[in-house]
Structure formats: structure tokens, C-alpha cells
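Engineer: Using the hints, position chain B against chain A.
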Amino acid sequence: MLEADVEVDRRDFTVRAALRVAPGERLALFGPSGAGKTTLLETIAGLVPPRRGRVQLAGRVLTSTGRPARAVPPWQRRVGLLRQDPALFPHLSVRRNLAYAPAAAASGAELAGLAGVLGLAGLLDAMPARLSGGQAHRVALGRLLLAHCDALLLDEPYNGLDAGLRRTLTELVIGLVTERGIPAILVAHELAEAQAFASRLAIIDRGAVLQDGTPRDVVLRPASRRVAELVGYRGFVPAGQDGDGIVAGVHPDRVTSGAHPGRGIVLTGIVCGGRPAGASWEADLRVGTAEFSCRLADQPEASAGELVVTALDPPCFGPDGSAVRAGGRPVEAGT
Amino acid sequence: MSWAASPPSGAGGAPGNQSPARRPAGPLPGLPGAGGLRAVAGAASLAATLVIWIALLGPVIALATHLSWHEITTSLSAPGAWDPLVVSLESGAVTLAVLLLVCTPLSWRLARGTLPLPRVWEAGVLCSLLLPPLVIGLLLIFMVGPFTPIGAALGHLHLSATNTFFALVVAEVYESAPYYVLGAQAAFAGVDESMQQQAALLGDRPLRVFRRVTLPLAAPGLAMAMAVAWARAMGAFGAVVIVAYHPFGLPLQIWTTLQQTGLPSALPFALVLLVVALPLPLAAYIWSARARGRRRG
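In the order they appear, the protein sequences are chains A and B.
Everything in the first sequence is counted per the working numbering, starting at 1 for the first residue and increasing by one.
Everything in the second sequence is counted per the working numbering, starting at 336 for the first residue and increasing by one.
Just chain A, with the same shape it has in the complex (with noise of 0.2 Å):
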């Protein structure tokens, strides 16, 4: 079990958290650029030393602020980081990069097996200049994982690697972290990317921690219009009676064309601009005052200046921002 609980100044805001990871849990911090994402790991790695709070890994006490006041240096913790930059050293080879860690040395079976599955067979003695990105990543990572840390951190390990690298990466690394039952924690600024790893979710905006559950439903059920916004609703249109303020926020990929009343709000809106998205289209809608785009499966006919759409299930919010229910059914709005 990983614990964190600490409060971490920077320039502009405190980083406030309190976080619970179990063991095989893997949980991601999902957040603008500059939310502190980054702040939390390098607390729980020992980088950077919070104002206050405490972190404890399996058991162990790694800082505390509180007395007795404890702050376990970075090469006692056992929690390995792996950030962007796999920082790789330059000077060993692939070989001896992924044996660095004092407790890889003694397995040498470990490294082989490690180095087959990560494609890193052949290129053992190889140094780290003569790699490719997705080389020297899967190099970082079988260096961290041959460490035997206690706890891993992935702090947006896989930017810049195409999407099959991504995926695979992130299949393994879900399957050494379940099978070690570690708990891990990974860092992402794309939401498919977080979903695509974690077993548990949380939203981060200027260091808080806004809201925290299974992908799925912090994405379906956002607890408010920031995590919404975050989580990418476009649009939010009025969904309460006249003049509550109440508002449905609408996801472009949670958008079907045709009224469809029984499985969401039915919206009439002036198609304002589109553009082929994929395998599907996006069409700039605007409804009222609101504007958003939404993605669907055919495009619009060119002469229909009215389109009729269904948003599925939307949430709703207050005029104060937060997540409120719309009622039994749902509720209609148009123009």
C-alpha cells in the first residue's frame, strides 16, 4: 500500500493530496500541464520535500513531517521513477544500463528474460547513443523494473512514442504490476492514455485532488463542470427548468444524431462548421448560445442547416458548478 498525504508548496499554489494506492492498484493523475502532477511523484520519490504530510510505502515510513519527523534520501525508498527523458547513461551499455540497479546484478537470467519481452535482445551491446526513442524508453523501463522497486512512478513516460509502442509498453508494465502487486502511479496529460492504464482515476487541477473513481465513471459522471471541462465536455447547454441555471454538459463523443428522447437530451442546433475526424465527423454545432462540436458517424447533409442530435446521458450541473441530478427522466432543450 502506497499512502501519501502532504502538502507541497510551489510558486504559484500548494499542492494539497491525499493519496491511497493498493497493492497491484494502478491509479492516474490526469490534469492540465502545471497541475502538480509531477510535484506528487517527486514528493513520494524523495526529490522534493513537502511542507507538510507524510508518505509510507508497504509499511515503511519514507518522509513525515510530523515527529518524529523522517525523510527517507531518494536511494533507501525503492520507488522507481520513469519520466519522459529516459536519461539513460550514456557511457554503459544497454547491457550494463539495465543491470545498473544494485539489486539487478545478481540476475543475469532476469535481465535476459526482461530484455525478450521488451525487444531488447539484440541490442544488448549496444550503446545508449545508437538507440531509438522507443529503444531507450523500453531500456529506462527494464532498468527500473530489474530495480525491484517497491512502488513505480510514471511520470508521462511514453510522449513521443507512436501508438502501438504506447500500447504495448503499457500492456507490460500492467502486467508486471499486477503480477508483482505493486502499486503504481502513472502521470498522464492525455485522458486515453490514462484510461488505457489505470484501474483507478484522479482529476488534478492547481493541486487538488477534484475527483477520483474508476475511469468510466469519472468520465461519465464527472463530479463537476472543471472536472467535465477536463475530462472534455465542449458544450454546455441549459437542461433545467426556467431560469435554475442548470446545465448538461455535452462530450463530443457522446453524441448521436436523430432525436432519441428515452437515452438523452435531444438538442436542435445550426451546424456552423465541420471537418472528417477520424473515421467519423465532427460537426461545429452551435444551440442557443452554446457551441461545442460533436462527433458522428455519417456526415450531416450540406443543405440541412438544422441538425438534430441527442447528447447520451449527459451530466448535469449546478449554477455553482457542481454535478446535480436532472431529474428521473431526461429533460429537452432546443434553440
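If you are wondering where the hints come from, they were derived from the structure by calculation, not from laboratory data.
These numbers were taken from a predicted model, which means no experiment stands behind them.
Where a beta carbon is used, it is the ideal one built from N, C-alpha and C, also for glycine.
A few of these clues could be false.
Unchecked claim - Partial chain A-side listing against chain B, Cβ under 7 Å, derived:
no.	residue
1	58
2	75
3	87
4	89
5	100
6	101
7	102
8	133
9	134
10	147
11	150
Structural biologist: Here is chain B on its own, set in the frame of chain A:
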């Protein structure tokens, strides 16, 4: 048909056939000019580089052309002729050891920026670089001469910082230290801090990180800094002539020979100085170039 009026692409048969023949006349007069200019500029810069290189090597060439075998054997077979070489090598080695021991931590701290008011510390190092060696020698007399508190303290230890081997080392340290400190600082600053962090997170305590990551990565730069410091120490003259006229090192031997018996008999010692001072920097240069090459894979 005036060529200026000819259409770029011929609409008909005849004008179309003529214009391609003429069109190259437009842009082409410029192209060979530009190409020729580039070639001339390239040749000129190559020639200039060569001239500068030869000019820099000029003294060595002059030394080689003005030495006669007879002079070398006469000068170097005189009794005690090799003593200055031994003195220079010994004092240079001690100086290098002192720099390694005393100045490496300072360079490390300057590079890491862990010192308060880092600019002040750097300015301090630069001061001794900017002072002419002769002035350093004069000031050393005021600092560690026999009638100063430090000189008196040294006297209690049966040491004297004037006209002794110890004085020679002191003068050489002052002349070469800034070169070593600045070079080593640059070498340490070139080591990526995230790499040291990563090593620590993988379980290495700071000293082990220094030995396994920082030192190997800084080594090529450190070797160059040491080579430069060695060359400065071997050639130290300005401060040495003031505080340590005796025992003679090679530079002073050259100076006194020049004064007593003239230029031709001084030249062999210059050759000796070159031959003993050069191999270490050269080896350091080759080694660091190879180390950097290995890292590139």
C-alpha cells in the same frame, strides 16, 4: 522575338522551341557567379585556416629548424643539465595532485550551483586568472613571504614559501588553478542532473552515484582540464621567477641560460620542455576524444 517577351512556356511550336534554348540564359549567368563565389569563399577560408594553423605552429617549426644536434648534445650533457627537468616534473606532479584534491570540490560546487552567491565565487576564481602571473608572484611575496603571518606560521613547520621547492609548487598552483577550476566546473556542469537523480532512485548513495555516473561522464572534460593545468604548471614563469628563483625548473633554466650563454644554448631546454609538457595533454586529448566517440556508439 525579344527574349524578355517570350512566354515561360511556349503556347505554339516554334516560340516554344526557342524559349527553352534561351531561357537558361536568364538565371544561369547568376548561378555560376554564385557558385564561383562560394567556391572562392570556401578556398579562401580554407587557406586562412591553414595560415592560422601554421602561424600557431610557427614557434615549434622555428624551434625545430634552429636546433642543431651539436647544440643539443653540448647543452644537455653539461653537468646538472637534467636537474631542471626533474624539478619541473616533480613540482608539476605535486601541483596537479594539489589541484585535484583541493580544487575538484570547489569546481563541483560551482557547477552544481549549491554555493550561495555563485557569481561571487566565480569572480574569485576569475581574479587569479585575470592577474598577470608576474603580479601574482609579487602579491604572493606579500602574502606568504617570510615576514608575513603565514610565512611565520610556515616557518614553524620548517617550510618557506620563498626560493624552495614548496614555493615553486605554491607559485605553480596559483598559476594553474583557475584553468583547472573553470575546466572542471564545465566538465561537471555538463553532466545531466536527471541522470544522477535516476542513479539515486535506482538505489545508489551519493558517493556511488559520483563514482559510477558523474565521474565517468565528466572524465573527458576533467582530463582536458588537468592537461591544461599541467601545461600551465610546466610553463609557469611569471610567479615562479619572483617567489621561487631556486630551485630551477625548466622555464627558469631557459631564462638563465638565455641570459648567460645566449639563445642557441637555451633552445635545447625549450625542446625538452615541449617534449615533457606535451605528451600528457596530448594523451588526455586523445583519450577524451575516444571516450566521447565510444559514447556516440
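Engineer: Indicate, hint by hint, whether the structure satisfies it.
Structural biologist: Hints versus structure:
| no. | hint | in the structure |
| --- | --- | --- |
| 1 | 58 | violated (16 Å) |
| 2 | 75 | holds (5 Å) |
| 3 | 87 | holds (4 Å) |
| 4 | 89 | holds (6 Å) |
| 5 | 100 | holds (6 Å) |
| 6 | 101 | holds (4 Å) |
| 7 | 102 | holds (5 Å) |
| 8 | 133 | violated (15 Å) |
| 9 | 134 | violated (16 Å) |
| 10 | 147 | holds (5 Å) |
| 11 | 150 | violated (12 Å) |
When each numbered hint is compared with the structure, violations occur for hints 1, 8, 9 and 11.
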